[in-house]
Amino acid sequence: MNRTVLLVGAIIAAALVGVLYFALGKDPQAIDSPLVGRIAPDFALKAVGSNESIDLSRYRGKPVVLNFWATWCRPCWDEHPVLTQNAQAMGDRVQFVGVVFQDDEKKITDFLRERGWTYPTLVDDRGKTAIAYGVGGVPETFFLDKHGTIVAKYTGPLSTELLQGYVQKAMR
Amino acid sequence: MKWPSRRWQITGVVLFALVAVAQMKAPDAEQFVGPPRGTPIAGDALDQRAHEIAVLLRCPVCQGLSIADSPSEMATNMKGQVRELLSRGFTEQQILSYFERSYGQFVLLKPKFSGVNSLVWTLPVFALLVGAILVVIKIRKLEQPPAQTAASDDDYVARVRDLVNK
Numbered sequence: 010m011n012r013t014v015l016l017v018g019a020i021i022a023a024a025l026v027g028v029l030y031f032a033l034g035k036d037p038q039a040i041d042s043p044l045v046g047r048i049a050p051d052f053a054l055k056a057v058g059s060n061e062s063i064d065l066s067r068y069r070g071k072p073v074v075l076n077f078w079a080t081w082c083r084p085c086w087d088e089h090p091v092l093t094q095n096a097q098a099m100g101d102r103v104q105f106v107g108v109v110f111q112d113d114e115k116k117i118t119d120f121l122r123e124r125g126w127t128y129p130t131l132v133d134d135r136g137k138t139a140i141a142y143g144v145g146g147v148p149e150t151f152f153l154d155k156h157g158t159i160v161a162k163y164t165g166p167l168s169t170e171l172l173q174g175y176v177q178k179a180m181r
Numbered sequence: 089m090k091w092p093s094r095r096w097q098i099t100g101v102v103l104f105a106l107v108a109v110a111q112m113k114a115p116d117a118e119q120f121v122g123p124p125r126g127t128p129i130a131g132d133a134l135d136q137r138a139h140e141i142a143v144l145l146r147c148p149v150c151q152g153l154s155i156a157d158s159p160s161e162m163a164t165n166m167k168g169q170v171r172e173l174l175s176r177g178f179t180e181q182q183i184l185s186y187f188e189r190s191y192g193q194f195v196l197l198k199p200k201f202s203g204v205n206s207l208v209w210t211l212p213v214f215a216l217l218v219g220a221i222l223v224v225i226k227i228r229k230l231e232q233p234p235a236q237t238a239a240s241d242d243d244y245v246a247r248v249r250d251l252v253n254k
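Read top to bottom, the protein sequences are chains A and B. If you read the first sequence in this note's numbering, its first letter stands for residue 10, the second for the next number, and so on. If you read the second sequence in this note's numbering, its first letter stands for residue 89, the second for the next number, and so on.
These aren't lab readings, by the way, just hints derived from the structure by calculation. Treat the hints loosely; a few may be bogus.
To be verified - With the Cβ distance kept under 7 Å, some of the chain B side facing chain A (calculated, not the full set):
| # | residue |
| --- | --- |
| 1 | Met-112 |
| 2 | Pro-115 |
| 3 | Cys-150 |
| 4 | Gly-152 |
| 5 | Ala-156 |
| 6 | Ser-160 |
| 7 | Gln-169 |
| 8 | Arg-171 |
| 9 | Ser-190 |
| 10 | Gly-192 |
| 11 | Leu-217 |
Small disclaimer: the values here were computed from a predicted structure and weren't measured. Idealized CB from N, CA, C, for every residue including glycine.
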């Protein structure tokens, strides 16, 4: 009896340790997006620094890098030059779009004026677009193929290597 | 060429801004969960229903808090959206489905009875049943009369038995 109890206890303990081991290595905020493989929710948002409204669907036909960010987000500062430089280097082949999350338009304008920009940045009023994309924090980036399907989502600041890898995936 | 008066310039700018605002549209729940299937509500009923649904949704930027309990801006925006959807006549199921579509089942504080999640419901019941069965088996064993001890050949035991029986 004692041997059986010990064996069952050891199996249960091993299973629990295994679950904890794998769970502890995961970021609880990094949620796998159920939107990957689906058509990206469409939106038309106001561009920062103008009254122009930009509709996501206008970019159908080429891959889109859709980046949610904010000026209060320190990792977004590090990511900003990676995005602007790559957007410039990739030119018309890929469209970059920034969506600002829970921020003030004046701060965004100042930030962009100071650090430069090479692609449109849009204001998300009351976070509705962020919610539709399941954004839990910033920066988060979605990669859309030319048909508007989300092929990948990345949580955290992108490096050039990562960004180019995902763009390659979106171009396939 | 004569420039339009200041009043016309201002009117033009305001009209331009209004047209731009009118063109703005955030993704709408209707395109994902279909048209509202309930009745639009307002006032106290709206407050109450919005709170009831908010306690079922996890705040994505907090540690295990519902959007009803979280003071974060994200939770405030989500609560605002729940209110708006209720006021347009969306049902609780449609609203939960809308958020689940974006965030996955992670956003539901009450997991669905499906797939691996069903273990959350079934495992405690299973563990209780197994425990109850073990307890019953143990009690039955205790109630059984002790088996007759085989006569021991041990002299010492035989002497003790004699002494006890005297």
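Structure-based check of each hint:
1. Met-112: holds (5 Å)
2. Pro-115: holds (4 Å)
3. Cys-150: Since the shortest Cβ distance to chain A is 10 Å, the answer is violated.
4. Gly-152: violated (9 Å)
5. Ala-156: Violated, because the Cβ-Cβ distance from B:Ala-156 to chain A comes to roughly 16 Å (cut-off 7 Å).
6. Ser-160: violated (9 Å)
7. Gln-169: It holds, given that the least Cβ distance between B:Gln-169 and chain A is near 6 Å, below 7 Å.
8. Arg-171: Nearest chain A Cβ about 11 Å off; hint violated.
9. Ser-190: holds (4 Å)
10. Gly-192: holds (4 Å)
11. Leu-217: violated (15 Å)
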